[in-house]
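Peer 1: Chains as they are written, first to last, in numbering that gives the first Met the number 0: chain A, 0 to 266; chain B, 0 to 266.
Keep in mind that the hints are not guaranteed to be accurate.
Calculated from the model, a selection of chain B residues having no Cβ within reach of chain A, i.e. all distances over 12 Å [claimed, not checked]: (1) Asp15; (2) Ala20; (3) Pro23; (4) Val29; (5) Pro69; (6) Thr71; (7) Leu122; (8) Val129; (9) Pro146; (10) Gly150; (11) Asp156; (12) Ala173; (13) Gly225; (14) Glu250.
Cβ-Cβ distance ranges computed for the label pairs, FRET-style [claimed, not checked]: (15) A:Thr71 x B:Thr79: 16 to 26 Å; (16) A:Arg175 x B:His162: 32 to 42 Å; (17) A:Gly223 x B:Gln160: 32 to 42 Å; (18) A:Ala153 x B:Ala26: 56 to 66 Å; (19) B:His1 x A:Gly157: 43 to 53 Å; (20) B:His162 x A:His162: 15 to 25 Å; (21) A:Ala20 x B:Thr79: 19 to 29 Å; (22) B:Asp159 x A:Glu137: 44 to 54 Å; (23) B:Leu46 x A:Asp4: 38 to 48 Å; (24) B:His1 x A:Ala26: 47 to 57 Å; (25) A:Ala64 x B:Thr114: 21 to 31 Å; (26) A:Trp155 x B:His162: 32 to 42 Å; (27) A:Ser120 x B:Glu148: 17 to 27 Å; (28) B:Leu174 x A:Ala20: 47 to 57 Å.
No lab work stands behind these hints: they were computed from the structure. Ideal placement from N, C-alpha and C gives every residue a C-beta, glycine not left out.
There are 2 protein chains.
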Amino acid sequence: MHVFDEAIALSHAGGDRFDGATHPAWANMVGPFGGITAAQLLQSVLLHPQRLGDPVALTVNFCAAVADGPFTIEAVPARTNRSTQHWTLRMLQGQAVVMTGSAMTALRRDTFGVTEHAMPSVLPPSQVAVAPVGDRPEWVGRYEMRPLEGGVPAQWDGSDQGHSRARLWMRDGALRPLDYPSLAAIADLFFPRLWSRRATRVPLGTVTMTVYFLADAQQIARVGNGFLLGQAQGQRFHMGYLDQTAQLWSEAGDLLATTHQLVYYKE
Amino acid sequence: MHVFDEAIALSHAGGDRFDGATHPAWANMVGPFGGITAAQLLQSVLLHPQRLGDPVALTVNFCAAVADGPFTIEAVPARTNRSTQHWTLRMLQGQAVVMTGSAMTALRRDTFGVTEHAMPSVLPPSQVAVAPVGDRPEWVGRYEMRPLEGGVPAQWDGSDQGHSRARLWMRDGALRPLDYPSLAAIADLFFPRLWSRRATRVPLGTVTMTVYFLADAQQIARVGNGFLLGQAQGQRFHMGYLDQTAQLWSEAGDLLATTHQLVYYKE
Numbered sequence: 000m001h002v003f004d005e006a007i008a009l010s011h012a013g014g015d016r017f018d019g020a021t022h023p024a025w026a027n028m029v030g031p032f033g034g035i036t037a038a039q040l041l042q043s044v045l046l047h048p049q050r051l052g053d054p055v056a057l058t059v060n061f062c063a064a065v066a067d068g069p070f071t072i073e074a075v076p077a078r079t080n081r082s083t084q085h086w087t088l089r090m091l092q093g094q095a096v097v098m099t100g101s102a103m104t105a106l107r108r109d110t111f112g113v114t115e116h117a118m119p120s121v122l123p124p125s126q127v128a129v130a131p132v133g134d135r136p137e138w139v140g141r142y143e144m145r146p147l148e149g150g151v152p153a154q155w156d157g158s159d160q161g162h163s164r165a166r167l168w169m170r171d172g173a174l175r176p177l178d179y180p181s182l183a184a185i186a187d188l189f190f191p192r193l194w195s196r197r198a199t200r201v202p203l204g205t206v207t208m209t210v211y212f213l214a215d216a217q218q219i220a221r222v223g224n225g226f227l228l229g230q231a232q233g234q235r236f237h238m239g240y241l242d243q244t245a246q247l248w249s250e251a252g253d254l255l256a257t258t259h260q261l262v263y264y265k266e
Numbered sequence: 000m001h002v003f004d005e006a007i008a009l010s011h012a013g014g015d016r017f018d019g020a021t022h023p024a025w026a027n028m029v030g031p032f033g034g035i036t037a038a039q040l041l042q043s044v045l046l047h048p049q050r051l052g053d054p055v056a057l058t059v060n061f062c063a064a065v066a067d068g069p070f071t072i073e074a075v076p077a078r079t080n081r082s083t084q085h086w087t088l089r090m091l092q093g094q095a096v097v098m099t100g101s102a103m104t105a106l107r108r109d110t111f112g113v114t115e116h117a118m119p120s121v122l123p124p125s126q127v128a129v130a131p132v133g134d135r136p137e138w139v140g141r142y143e144m145r146p147l148e149g150g151v152p153a154q155w156d157g158s159d160q161g162h163s164r165a166r167l168w169m170r171d172g173a174l175r176p177l178d179y180p181s182l183a184a185i186a187d188l189f190f191p192r193l194w195s196r197r198a199t200r201v202p203l204g205t206v207t208m209t210v211y212f213l214a215d216a217q218q219i220a221r222v223g224n225g226f227l228l229g230q231a232q233g234q235r236f237h238m239g240y241l242d243q244t245a246q247l248w249s250e251a252g253d254l255l256a257t258t259h260q261l262v263y264y265k266e
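With the hints as constraints, model all of the structure from the sequences given.
Peer 2: Shown next as structure tokens:
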């Protein structure tokens, strides 16, 4: 069993409740990697017997540090329409709410389509070096990352890098075909934009993340074990909060998802 | 009383419940303008006696058409930390859930700050003509809009406009100082990007919207009755769903908010 599937394995506890646990392979500095928590929340929707259609949107709110150990997810189908369904999500540890969120699933059909945000022209993954994991948290080792720009600063010298844009090729380190949960996890994979821009580590953490899934299940399945090109940038850093906007393309140039997050920082 | 304040007026029904009603001045083609519904949900948080801090993020999910008439909002402080608070939101009409959502409020403090997405260089509002309301829905008349590009097509001839980017100056038609609820409403003000790009009206509707508030209360108050520059663009249109990413700057060039939405379309 792939270590990602181990991490998102949930047991249906009846009704809208699913039990799971954090997984040591996905540990961050404190608690688990936010992306794996997002994937677990999405997985509860995918496992729900009343689910209609595939994910089109996911919002997860990081209310408190998730403690290492068991958790319960509540995935409530708050509203079911003919071709769409809205989900309300909570993750509980004991009586404490550690995550809230919402998701939307839908039956998709053929329509007019066009991509406006084209994949930038960059070197192919085979010509970009793999970033060493070094002393980064355990979860970083789960991915193969090939940074083009905006990765871990070469020197932590506090110099202003002028912008926070990151571009990198990335995929699961142990190969696994892409699906909605892994795409949700990868949406949170970017190195902190503030650390990158300032070449300085300050305390920070994602407080909310939204993912829009812009590809249908067939297009995601076609990615297989291929790389994704990720691009992320902060738009404004102000009084303790910054927003990050990001895009994830397949190697073939399909824009699979766009994602946004708000990040708290301390100084 | 300003017609915006009339629309967001809620009465505290005890606990986490607030009663309100749709307002005819904000009618859309079916039900109310989504922006005013977003503002009503945010207002329930602002009125809640347990609120801590100012809004930093808001996500609203348009689960079903809001019917003209009364509604109840539930605003639950799901998690309160030392300087942050996470809210779970629902709007009910009778027993039906018509909106879900989440919000985050926080105490902000001085930190490092920088804007990466600078306001584009455009003509000032005084040199841009006001768009006529024409046969557009009632709520459009509540705003003064001065489009620079990507507004209502001059001809509905089905010609591809090449891109969906919109830029416009905008403010309340009857002047009112900007605050968090009016900023949330304005985040949903853009003319549909799909209609603009294709010069064709097809059935569509926003299904989820997220707003990140990147300015503190003082900076928002300084805007007063001034204009905001809004920019919005779809990144991908695919199988019935498109994402719109947008920025809202003050005339002084402060990036007050970034906002994203997913829009359903039929053909």
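Peer 1: Lying within 47 to 57 Å: is that true of the beta-carbon distance leucine 174 of chain B to alanine 20 of chain A?
Peer 2: Hint holds: Cβ distance 55 Å, inside 47 to 57 Å.
Peer 1: Verify the CB-CB distance for histidine 1 of chain B and glycine 157 of chain A against the hinted window 43 to 53 Å.
Peer 2: 47 Å Cβ-Cβ, so the 43 to 53 Å window holds.
Peer 1: Verify this label for me: proline 146 of chain B is non-interface relative to chain A, using a Cβ-Cβ cutoff of 12 Å.
Peer 2: 19 Å, holds
Peer 1: Just tell me: holds or violated, for the beta carbon distance of tryptophan 155 of chain A and histidine 162 of chain B against 32 to 42 Å?
Peer 2: 40 Å, holds
Peer 1: Can we confirm that no CB of chain A comes within 12 Å of the CB of aspartate 15 of chain B?
Peer 2: The assertion about aspartate 15 of chain B holds, with a minimum of 14 Å to chain A.
Peer 1: Hint says 32 to 42 Å; check whether the CB-CB distance for glycine 223 of chain A and glutamine 160 of chain B agrees.
Peer 2: Distance hint for glycine 223 of chain A, glutamine 160 of chain B holds at roughly 35 Å.
Peer 1: So is proline 23 of chain B really clear of chain A, every C-beta pair being over 12 Å apart?
Peer 2: It holds; proline 23 of chain B is separated from chain A by about 25 Å at its closest Cβ, greater than 12 Å.
Peer 1: Could you check that no beta carbon of chain A comes within 12 Å of the beta carbon of glutamate 250 of chain B?
Peer 2: 16 Å, holds
Peer 1: Within 32 to 42 Å: is that where the Cβ-Cβ distance between arginine 175 of chain A and histidine 162 of chain B falls?
Peer 2: At roughly 36 Å between Cβ atoms, histidine 162 of chain B and arginine 175 of chain A fall inside 32 to 42 Å, so the hint holds.
Peer 1: Does the hinted range 21 to 31 Å hold for alanine 64 of chain A and threonine 114 of chain B at CB?
Peer 2: 30 Å, holds
Peer 1: Determine whether the non-interface label on proline 69 of chain B survives the test: each CB of chain A must be over 12 Å from its CB.
Peer 2: Check passes; 19 Å lies beyond 12 Å.
Peer 1: So the hint says 15 to 25 Å: do the beta-carbon atoms of histidine 162 of chain B and histidine 162 of chain A match that?
Peer 2: 23 Å, holds
Taken one by one, the earlier hints all hold for this structure without exception.
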